[in-house]
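The listed protein sequences derive, respectively, from chains A and B. So the first sequence is residues 145 to 627, counted in the working numbering. So the second sequence is residues 1166 to 1615, counted in the working numbering.
Treat the hints as calculated values from the structure; they're not laboratory data. The structure displayed is predicted, hence computed values, not measured ones. Backbone N, C-alpha and C define an ideal beta-carbon position, used for all residues, glycine too. Treat the hints with care, since some could be wrong.
[As the list claims (entries may be wrong)] Far from chain B, some chain A residues (derived; all Cβ distances over 10 Å):
1) Y255
2) K280
3) T311
4) M324
5) R379
6) R491
7) G519
8) Q529
9) S539
10) T545
11) G589
12) P599
[To be verified] Straight-line Cα separation of at most 27 Å, DSSO-like style, residue types lysine-lysine; simulated pairs:
13) B:K1363 <-> A:K232
14) B:K1294 <-> A:K232
15) A:K236 <-> B:K1294
16) B:K1379 <-> B:K1558
17) A:K236 <-> B:K1301
18) A:K280 <-> B:K1238
19) B:K1385 <-> A:K569
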Amino acid sequence: MKEYLQNGIEYLKSKGVDYGDIRQVEQTSEMILARNEEVETLSRSSTRGFGVRVLKDGAWGFSCSNITNEGEMRKVCDEALEIASSSKITIKEKVHLAEEPTYVDEFATRYVEDPFDISLDEKTNLLRDATAVMRKNDKIKTAEGSMRFLKIDKHFLSTEGSKIHQTILESGAGIECTAMLEGETQKRSYPCSHGGDHQAKGYEFIRSLDLLGHAEKVREDALMLVKAPNCPKGRHDIVIGSSQMVLQIHESCGHPIELDRVFGDEISLAGGSFLQPEKLNKLQYGSKIVNIFADATIPGSIGSFGYDDEGVKAQRTQIVRDGLFINYLMSRQSAHQLSRIIGKPVRSNGAMRADGWNRIPLIRMININLEPRKGTLEDIISETQDGIYLDTNKSWSIDDTRINFQFGVEWAQEIKNGKLGQVYKNAVYTGITPEFWNSCDSIGGREGWYVWGLPNCGKGDPMQTAHVAHGVPPARFHQVQLL
Amino acid sequence: MFGKEKIEELVNPYLQSKEADEKEVLFFGTSSGLTRYANTITHQNVKETNYGVTFRLILGGRIGVTSTNDISKEGLDRAFKTAIEIAKQKKPTKDFPGLPESKPPAKLNTFVETTSAAGQGERVKVVKKVFDLAKKHNLDVAGSFSSGASEIMVLNSKGVRAYQTYTSAGISNIVMHPTFSGYSSAFTRDITSINAEKLADIAVGKVLKGINPKEIEPGKYDVILEPVALGELIEWLNYIGFTSKCMEEGTGFMYEHLGEKIVGDNITIYDDAYDSKGLCTPFDFEGVPKQKVMFLENGIAKDVVYDTYSGKKANHPSTGHSLGAGGMAYGAMAMNIFMKPGDYSLEDMIKSMDRGVLVTRLHYVNGYLHTPTAKMTGMTRDGAFWVEKGEIKHGLKNMRFTDSMVRILTNVKMISKETQALPAGWGDTGAYVLPAIYVKDFEFTGKSDH
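Here chain A stands alone, though its shape is the one from the complex (with noise of 0.2 Å):
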């Protein structure tokens, strides 16, 4: 453990802090993005620095520095100091922390080749050649394939004792193309939208997506998508594909049991929640079928790691159980806060995570899960009489307290007597989330069950981005609202 860390520990300590932490975090990135079998981006980037959070008479303060030295160290606890010192002018009460073991530990994800390690002709040659093979039709108008690479190292010291050292290594890939035909442009993607899958593996994850064998699909399913006719609208039973559960879970699940959240600490940006503590173990969320946990332990996802940036250790909590509401995604101090509403002592349940060095940990997602239950997907299409059958994520969008949602998907397909019919393009479904949820009427099982990870969910100002992840399978929804 560097010493200066150390030494920037005693000295909070010296100066009589309710509790200091202070994290050191070095991240080295690579991008590769090409575009018509041009590379257009390869790019590799480092940042390294340090962040010290101290609790000073029950209210905070952050300061953070990219000079990782002695001098710097004192400069930035002073700083952090002296915030902490004029933000508790307006305090109605002191902050305080949940009670939390120590610990001594080091953390590593497990991979098998370093894609720092892979030559770029690879992986330069691998994203050119999908992009080729997309657009061997004139109508694709472009085609795109990425990869990105992460890796952090990163050490937490606080007043309380705890030391720990985590390394973590993420790789990401995905493929897309759109086609263009009388004024009407569809887009279509593999693995999943939006730059892709991203898994804590290494390069042998980006082989196992076996991009170059999917991008003929890919062109297909844009080249039909785009002669489709349009979604029908009005109520229909739905089957989602694993891929969009992915942003359904997200913003209608995840983000409304961050309790930080539902304090109203996320007003100013995001919002707040409609999960308020009342609710806890008394709203029926989901229909009977349905359960979700959170959980920061699944090997390979970017949800998972060892120890929080509080240092709080990896756990499983379950958040909705028989459709029932019963927890929250917790950080030390708001665990406090709950246990004085609910009269009962509550732990954090390890969720606070920041975004590099020069931010401050927030409660974040981790891997928020939905329980697998029976059956593939053609299972469950072959059990739908009449419905529509939607997948991979296009367009998002969600109230500030997480009610009221709109996702609009690239694949769309009729569902008629337990069969896949027609293709539909710009499918777009609306609904309440409590009523979303409760007229679920299947699920999935764990042959479809599948952890994608999502490297962009935004939060926090100064805006922060959260590698987070969502174990889901395939799942039925009853007459749900499609404009």
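Once you've looked at the hints, dock chain B against the given chain A.
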């Protein structure tokens, strides 16, 4: 601030290196703070100092790009070497025209000392004034107040030496009653121009008018969108319609319509980095001087923005809107968007409304529904009101809209003469300056419970 001379001294060895044919360095430095508040207390208060260097090196048309925030000699040496190795392993980029030639940018005053010097203490004093007024009415406040300074320098081996320092300060307030909320905001280079009492008055006034809001059913309504609401729509219109990428991919609503009238003839929208009502910015992240670009002029689709690479592909000169070496694949982006104001005061627009909705702000707008028609969706938030016979009657619970911006901009009946500067999402280097607009038959497709 690092300073121009110190930056040149730091990076000159790399610009003079013989290891690459062409060399570009982008230096970025920032020192900023943010005071965030919720439940009428300042609950998150942060400060950040950071520097960064991006190298773009060209060897025989092959481009290597690296970024680092380690500006020690060892850190820069490492980043430079990595960029060389990347370039050596890459194939030449077809259509890359080389780095831009040097053209001196305009001299603009974009730095205000009082903004740069403002710290947590100064921000908390301003925020307390908002708290005090809200507390008089038993209302709560959430929001954020940021201020800071940055410096950007672009240098290349063709003589570009573009340097600028910037400041900005932005405040947004959400004042809350259990049944309703109201919003106000300001964004400027000069922190002393922020009038906290006036902003607090605006937000509190909205809340007091809207307590115990009522519902309306989805449908088409006359709607006045205040500047902040219009800003959310223009931000998306920018991403999906005004960039070189939209033109290249054929996905933008102006694609194959340049020269045609596609929206109302009272609509003129453009990018102007020199108009001091916004946040002036003299050059882009390639060091190319910014040019004024007309997107829509009297309803006619005119042009989009370009950088050197997208411009070469489109046979169009760069308009000075590059995102820098790391953003080459994303094309150019406008950051200083204006809509030409009209002739009416906001009060006149409200007085002229027989039945309709006044919208302060929108939330979670998404413009990917159907980009050829710029179809978007989102929610109202923090101040939607029912207007009848020219008067605000009561607050409204939030509504969802789903509508095409092409259709909206073809049905604008009135435009306000007042405009407001809004953050464009690009920190100190951009702002949108927009009026309020009165839209006929704006489509609400859903509603919320609050």
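27 Å limit on alpha-carbon distance, applied to hinted pair B:K1385 and A:K569: 25 Å, holds
When you check the alpha-carbon spacing of B:K1363 and A:K232, does it fall within 27 Å? 25 Å, holds
So is A:G589 really clear of chain B, every C-beta pair being over 10 Å apart? 31 Å, holds
Given as non-interface: A:G519, partner chain B, CB spacing beyond 10 Å: With a cut-off of 10 Å, A:G519 remains clear of chain B, as the shortest Cβ separation is near 31 Å.
Confirm or reject: A:T545 is not an interface residue toward chain B, with every Cβ-Cβ distance exceeding 10 Å. 6 Å, violated
May I ask you to check that A:R379 keeps its beta-carbon over 10 Å from the closest beta-carbon of chain B? 14 Å, holds
Chain B versus A:R491 - minimum CB to CB distance exceeding 10 Å, so not interface: 21 Å, holds
If we take the beta carbon of A:M324, is the closest beta carbon in chain B still more than 10 Å away? 5 Å, violated
A cut-off of 10 Å on Cβ-Cβ distance, and A:S539 was said to be off the interface with chain B. Does that hold? Label violated. Min Cβ-Cβ 4 Å, cutoff 10 Å.
Given hint B:K1301 paired with A:K236 - CA-CA distance at most 27 Å: 16 Å, holds
Is it true that the CA of B:K1379 sits at most 27 Å from the CA of B:K1558? Answer holds: B:K1379 to B:K1558 is near 10 Å, not above 27 Å.
Are all C-beta atoms of chain B more than 10 Å from that of A:T311? 19 Å, holds
In this structure, the hints that do not hold are numbers 4, 9, 10 and 18, in rising order.
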